[in-house]
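Novice: Chain residues, written in single-letter form:
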Amino acid sequence: MADSRIAKLKGVPLFAHCTNKQMEFIATQVEDMEFPAGRVLCTEGHSGGDFFMLLSGAADVTRNGKPVAKMVPGDFFGEIAVVDGGPRTATVTTTEPSRCLVLGPRQFQNVVHQNVDIAHSVMKALTLRLREAGAAKAD
Amino acid sequence: MADNNIEFLKHVRLFEDLDRKSLEAIANAAVEQSYTAGQDIVRQGDTGVGAFIVKKGRVEAFQDRGGHMHKLAEMKAGDVFGEMALLDEFPRSATVRAVEPTTCLGIQRWHFRGILESHPQIALALLPVLTKRLRNAEREDEASAKH
Chain A
34 MADSRIAKLK GVPLFAHCTN KQMEFIATQV EDMEFPAGRV LCTEGHSGGD
84 FFMLLSGAAD VTRNGKPVAK MVPGDFFGEI AVVDGGPRTA TVTTTEPSRC
134 LVLGPRQFQN VVHQNVDIAH SVMKALTLRL REAGAAKAD
Chain B
2 MADNNIEFLK HVRLFEDLDR KSLEAIANAA VEQSYTAGQD IVRQGDTGVG
52 AFIVKKGRVE AFQDRGGHMH KLAEMKAGDV FGEMALLDEF PRSATVRAVE
102 PTTCLGIQRW HFRGILESHP QIALALLPVL TKRLRNAERE DEASAKH
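First to last, the protein sequences are chains A and B. Every position in the first sequence, counted from 1, becomes a number in this note's numbering once 33 is added. Every position in the second sequence, counted from 1, becomes a number in this note's numbering once 1 is added.
There may be inaccurate statements among the hints.
A short list of chain A residues far from chain B (calculated; beta carbon distances all over 12 angstroms) [unchecked claim]:
(1) Ile-39
(2) Asn-53
(3) Phe-58
(4) Thr-126
Straight line, CA to CA, 30 angstroms or less: simulated BS3-like cross-link-like pairs of lysine-lysine [stated by the list, open to error]:
(5) B/Lys-72 to A/Lys-54
(6) A/Lys-99 to B/Lys-133
(7) A/Lys-103 to A/Lys-41
(8) B/Lys-22 to B/Lys-56
(9) A/Lys-157 to B/Lys-56
(10) B/Lys-22 to B/Lys-72
(11) A/Lys-103 to B/Lys-11
(12) B/Lys-56 to B/Lys-77
(13) A/Lys-54 to A/Lys-99
(14) B/Lys-22 to A/Lys-157
(15) A/Lys-103 to B/Lys-133
(16) B/Lys-22 to B/Lys-57
(17) A/Lys-157 to B/Lys-77
(18) B/Lys-133 to A/Lys-157
(19) B/Lys-72 to A/Lys-43
Hints are computed from structural coordinates only; laboratory data are not their basis. Beta carbons: idealized from backbone N, C-alpha and C, even for Gly.
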């Protein structure tokens, strides 16, 4: 059973550079959850919460009621609130039956400690959003 | 020389949450470089290879917007620019020019990567710094969108 959990982790881009040993540990931290279509996974403005990696399905990201992105398998979201416990910057709602690996704040810290590539990928995602925020300002 | 750079880095806001060991690693990887007044330190459109911290002097950031040079900011000792190039390979979004004789500490992306590997606590300390900056940037966006 542990093997099938690790096999699942291997398909997650965020863990692409992890060793088998790190995967074994990560497998003990993540929760594998299934959601029906239309389920709200994060609500804009609500404090704190979990970090999600989409394994299958799809989800819409909205801010102030306006669509800002679509999540596809391999994408992750919730990294800001899981890091600082602050309010969610967007609402994420599944648009089809979806499966996610979920990490709580504590588990997220544990996993990031395992392999710096994970922290690096999350930092890169944050940087990209910072660029987008900066670009919007320059317009 | 690395020693006085550690003291200096301690006061750089981006690194304020780092412990001495982490600062030491960054100070060791940093390359000090001097620029004359009027010299470009980075040019808009070039692929960024790393971040700069102004150690001495004064610099100005400009953005070319359809042929018009638009001044974005003036930076002095302790200010950091180009830091996003530590994490990605986008073209520089602005030109930064020395206004007076200036000394900068440069940190290159591949060095930073190595530092993160040997000092994972830096990544952990920088994550909340990044989320804070992002929240501020997005709040400003929203405020300006309302006007």
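Novice: Each hint needs a verdict: does it hold in this structure or not?
Specialist: A quick look at each hint next to the structure:
With a minimum CB-CB distance of about 22 angstroms to chain B, A/Ile-39 clears the 12 angstroms threshold, and the non-interface call stands. With a cut of 12 angstroms on Cβ distances, A/Asn-53 stays outside the contact zone with chain B, its closest approach being about 19 angstroms. Once the 12 angstroms rule is applied to beta carbons, A/Phe-58 is consistent with being away from chain B; the minimum gap is 14 angstroms. At roughly 20 angstroms from the closest C-beta of chain B, the C-beta of A/Thr-126 stays outside 12 angstroms, upholding its exclusion from the interface.
Of the pairs offered as hints, the one joining B/Lys-72 and A/Lys-54 is violated, with about 51 angstroms between alpha carbons and a cut-off of 30 angstroms exceeded. Restraint check: the Cα-Cα separation between A/Lys-99 and B/Lys-133 comes to about 23 angstroms, which is no more than 30 angstroms; the hinted pair holds. For the hint linking A/Lys-103 to A/Lys-41, the alpha-carbon distance of about 22 angstroms falls within 30 angstroms, and the restraint holds. Proposed proximity of B/Lys-22 and B/Lys-56 is supported: the alpha carbons are some 20 angstroms apart, at most 30 angstroms.
For the suggested pair A/Lys-157 and B/Lys-56, the alpha carbons sit about 26 angstroms apart, so the restraint of at most 30 angstroms is met. Pair hint B/Lys-22 plus B/Lys-72 does not hold up; C-alpha atoms about 37 angstroms apart against a cutoff of 30 angstroms. Between A/Lys-103 and B/Lys-11 the CA atoms are separated by roughly 40 angstroms; this puts the pair beyond 30 angstroms, and the hint is violated. Under the criterion of a C-alpha separation no larger than 30 angstroms, the hint pairing B/Lys-56 with B/Lys-77 is consistent with the structure, at around 8 angstroms.
Between A/Lys-54 and A/Lys-99 the alpha-carbon distance is near 42 angstroms, which puts this suggested pair outside the 30 angstroms criterion. Distance hint between B/Lys-22 and A/Lys-157 is fulfilled; the C-alpha atoms sit about 24 angstroms from each other, no more than 30 angstroms. Taking the CA atoms of A/Lys-103 and B/Lys-133, the gap is about 24 angstroms. The hint holds against a cut of 30 angstroms. A C-alpha spacing of about 24 angstroms is found between B/Lys-22 and B/Lys-57, which places the hinted pair at or below 30 angstroms, so the restraint holds.
For the hint linking A/Lys-157 to B/Lys-77, the alpha-carbon distance of about 26 angstroms falls within 30 angstroms, and the restraint holds. At most 30 angstroms may separate the alpha-carbon atoms for a hinted pair to count; B/Lys-133 and A/Lys-157 meet this at roughly 15 angstroms. A hinted pair counts as satisfied when its Cα atoms are at most 30 angstroms apart, and B/Lys-72 with A/Lys-43 does not qualify at roughly 47 angstroms.
In this structure, the earlier hints numbered 5, 10, 11, 13, 19 are contradicted, and the remaining ones agree with it.
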